[in-house]
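Chain by chain, the residues run as shown.
There are 2 protein chains.
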Amino acid sequence: MSKEEKRTELSDLGEFGLIKEIAETVSNSNKKTVKGIGDDAAVISGSKKNTLLSTDMLVEGIHFNLAYCPLKHLGYKAVAVNLSDIYAMNAIPSHITVSMALSNRFSLEAIKELYEGINLACETYGVDLVGGDTTSSPTGLIISITAVGESNNETVYRNGAKEYDLLCVSGDLGGAYVGLQILEREHTVFKGNDQAQPELSQYPYVLERQLKPEPRKDIIEFFNKENILPSSMIDISDGLASEILHICEQSQVGCTIYEERLPIDQETYKTAEELNLSPTICALNGGEDYELLFTMSLKEYDKIKDYNGITIIGHITDKNSGANMVSSGETVIPITAQGWDALLRKD
Amino acid sequence: MSKEEKRTELSDLGEFGLIKEIAETVSNSNKKTVKGIGDDAAVISGSKKNTLLSTDMLVEGIHFNLAYCPLKHLGYKAVAVNLSDIYAMNAIPSHITVSMALSNRFSLEAIKELYEGINLACETYGVDLVGGDTTSSPTGLIISITAVGESNNETVYRNGAKEYDLLCVSGDLGGAYVGLQILEREHTVFKGNDQAQPELSQYPYVLERQLKPEPRKDIIEFFNKENILPSSMIDISDGLASEILHICEQSQVGCTIYEERLPIDQETYKTAEELNLSPTICALNGGEDYELLFTMSLKEYDKIKDYNGITIIGHITDKNSGANMVSSGETVIPITAQGWDALLRKD
Numbered sequence: 239m240s241k242e243e244k245r246t247e248l249s250d251l252g253e254f255g256l257i258k259e260i261a262e263t264v265s266n267s268n269k270k271t272v273k274g275i276g277d278d279a280a281v282i283s284g285s286k287k288n289t290l291l292s293t294d295m296l297v298e299g300i301h302f303n304l305a306y307c308p309l310k311h312l313g314y315k316a317v318a319v320n321l322s323d324i325y326a327m328n329a330i331p332s333h334i335t336v337s338m339a340l341s342n343r344f345s346l347e348a349i350k351e352l353y354e355g356i357n358l359a360c361e362t363y364g365v366d367l368v369g370g371d372t373t374s375s376p377t378g379l380i381i382s383i384t385a386v387g388e389s390n391n392e393t394v395y396r397n398g399a400k401e402y403d404l405l406c407v408s409g410d411l412g413g414a415y416v417g418l419q420i421l422e423r424e425h426t427v428f429k430g431n432d433q434a435q436p437e438l439s440q441y442p443y444v445l446e447r448q449l450k451p452e453p454r455k456d457i458i459e460f461f462n463k464e465n466i467l468p469s470s471m472i473d474i475s476d477g478l479a480s481e482i483l484h485i486c487e488q489s490q491v492g493c494t495i496y497e498e499r500l501p502i503d504q505e506t507y508k509t510a511e512e513l514n515l516s517p518t519i520c521a522l523n524g525g526e527d528y529e530l531l532f533t534m535s536l537k538e539y540d541k542i543k544d545y546n547g548i549t550i551i552g553h554i555t556d557k558n559s560g561a562n563m564v565s566s567g568e569t570v571i572p573i574t575a576q577g578w579d580a581l582l583r584k585d
Numbered sequence: 239m240s241k242e243e244k245r246t247e248l249s250d251l252g253e254f255g256l257i258k259e260i261a262e263t264v265s266n267s268n269k270k271t272v273k274g275i276g277d278d279a280a281v282i283s284g285s286k287k288n289t290l291l292s293t294d295m296l297v298e299g300i301h302f303n304l305a306y307c308p309l310k311h312l313g314y315k316a317v318a319v320n321l322s323d324i325y326a327m328n329a330i331p332s333h334i335t336v337s338m339a340l341s342n343r344f345s346l347e348a349i350k351e352l353y354e355g356i357n358l359a360c361e362t363y364g365v366d367l368v369g370g371d372t373t374s375s376p377t378g379l380i381i382s383i384t385a386v387g388e389s390n391n392e393t394v395y396r397n398g399a400k401e402y403d404l405l406c407v408s409g410d411l412g413g414a415y416v417g418l419q420i421l422e423r424e425h426t427v428f429k430g431n432d433q434a435q436p437e438l439s440q441y442p443y444v445l446e447r448q449l450k451p452e453p454r455k456d457i458i459e460f461f462n463k464e465n466i467l468p469s470s471m472i473d474i475s476d477g478l479a480s481e482i483l484h485i486c487e488q489s490q491v492g493c494t495i496y497e498e499r500l501p502i503d504q505e506t507y508k509t510a511e512e513l514n515l516s517p518t519i520c521a522l523n524g525g526e527d528y529e530l531l532f533t534m535s536l537k538e539y540d541k542i543k544d545y546n547g548i549t550i551i552g553h554i555t556d557k558n559s560g561a562n563m564v565s566s567g568e569t570v571i572p573i574t575a576q577g578w579d580a581l582l583r584k585d
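Same order as they appear, the protein sequences are chains A and B.
Going by the numbering used here, 314 is the number at position 76 of the first sequence; the sequence numbering is gapless.
Going by the numbering used here, 489 is the number at position 251 of the second sequence; the sequence numbering is gapless.
Where chain A lies over chain B, by a calculated footprint (3+ residues, C-beta under 8 Å):
hint, stretch
1, 271-284
2, 299-308
3, 358-371
4, 374-388
DMTMM-like mimics (lysine to aspartate or glutamate), calculated; alpha carbons at most 25 Å apart, straight line:
hint, chain 1, residue 1, chain 2, residue 2
5, A, K557, A, E487
6, B, K269, A, E392
7, A, K270, B, E392
8, B, K258, A, E487
9, B, K286, B, E392
10, A, K269, B, E388
11, B, K270, B, E392
12, B, K270, B, E259
13, A, K286, B, E388
14, B, K269, A, E388
15, A, K450, A, E424
16, B, K287, A, E392
17, A, K400, A, E464
18, A, K270, B, E388
19, B, K287, B, E459
20, B, K258, B, E243
21, A, K543, A, E497
22, B, K310, B, D456
23, A, K287, B, E392
24, A, K287, B, E388
25, B, K310, B, E361
26, A, K508, A, E497
27, B, K269, B, E259
28, A, K258, B, E487
29, B, K270, A, E392
30, B, K429, B, E446
31, A, K286, B, E392
32, A, K508, A, E437
33, B, K286, A, E392
34, B, K270, A, E388
35, B, K286, A, E388
Which residues of chain A face chain B? A partial, calculated answer using Cβ under 8 Å:
hint, residue
36, I282
37, S285
38, T289
39, S292
40, V368
Honestly, the hints are just simulated from the structure, not real lab data.
The beta-carbon is built from N, C-alpha and C at its ideal position, and this holds for glycine as well.
All chains should be built: construct the whole structure from the sequences, respecting the hints.
Below, the structure written as structure tokens:
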């Protein structure tokens, strides 16, 4: 960093001092919040609707690289990916808790930047941050977020897809993965020559997809407004192929999707080709798009056909047919999951 | 370890394989569980009562040392400390999620041992494990648990203590800290001479207090049965002194406690003296006892005076008097918090 920046050591603040500083950045506005940060537990007013609960852990060096992921974006994304899980149940997130372990490499100013992103995501999605834990880590940063939500209408699971249902996705796919490849390429160039300026300005869309994913609240609101109940739903975190296989396995069905129907943004397509990557493979296995994959009865077709953010990519078949993709060349290819597996890394 | 043990590498299983193995060890029995592990989020049936939410993160090398903390005990304790936070709100925990980051130093067998402890705590306290996240860590083990509960009766906060209220604690204090000192002493001896056998058999109570704390579900059940509503409550995780100051600060009151009233088990007392530690300081600042500290109106005195697990250690005063302890020698000493501060450690 070129300019002189203030650095407040966490060791000078202590845990309670840090919690106080964090709490001051948080403002609660969700009507269900009875008590936020500051007691043994947060208190949320009861409701007869189902309560949804989802949690994710992000580890520095595994899930993010602070060399090219700004802390504010990291905070935003850490919240966004959790909210996405709640939306994927046809539910509305209302509250989160944020726990983190951090080494003394991080200053108060850095943590505040992280919370700027966390708080921005909370405001954007109407969610209150009501608790957490803050502790030290021998190395690096670990963030664990738990999201709580309330069912919107009926809860939608992964296991309700039926033969002949339409298979649909929101938004477009592959962008987040392609964005990550660009960030890693420019980071490698930068490491070799620290006078190099990263070339990022040509890739605004795919970088945004990687650094600032937006969970599809709008789709759940659209379902609610139009009285649409998907038969099954999941969010796309590990890649379309992996999520399709989850739905097929849990619903005991097969499916056919069409390569030419896969929604891929032009910038994603062009950048994938520039990187010598197949845009289709990026869409199928890239992951981190945080779009929704869902199935619905054919009779709902009229309700969704004109909605701009939904693409029908195929349909559900019987289990024995398996999960297949019809390629642009008209060949039938079995769908296999190649989502990255964080556990493959060595100590 | 002397016997040959089977070691299944997590990298051979992959994340989904590990989740499947973990899910098979988990059985849900809480009536409110609609859907546990296996979808984007867990589903809990709604209730008009308040929902409580608490979370804790435990980091290897900061909060636990696997050289002397068996994985099964670690799992049990990680759950117990979270449930303690829910009980401290006068509520009943019902569900938890467990996230962990682990390095490839851990085998499937080690993780199963950890989950044995987690599952045992869940069974003991009637809590269902309904979700989580499993990922890799560059080094060591990090566990993040979120507990969800439902209010028992009225929710009890830290801020309701009133002048003249009785100040009470459950159980006895200082044991967990003294137990930790014994474990660290024997570990140091063992490191110097690996033929040495740790001398632990004389310290069964304090070791149990450190390794297998039990949150005070029974006290909350007693309150419910006797229709007792504490005016304020907190669980003792950082040490009695620190928790007293939280109640005084949030309730805008002072207090007087009496050194001779502090409940200290005989083994704790004797072992503290053996270690040249003041039993009173261990009780005040040791932490990790997971007992309940609470205040209640004088008129409730008859309801609690004969209950074996509750000790009245003092009373609430006006704010200007401050928080003080009357020592055995009749001198008045201001109470100051010296709970260990995890953030003081360096990277």
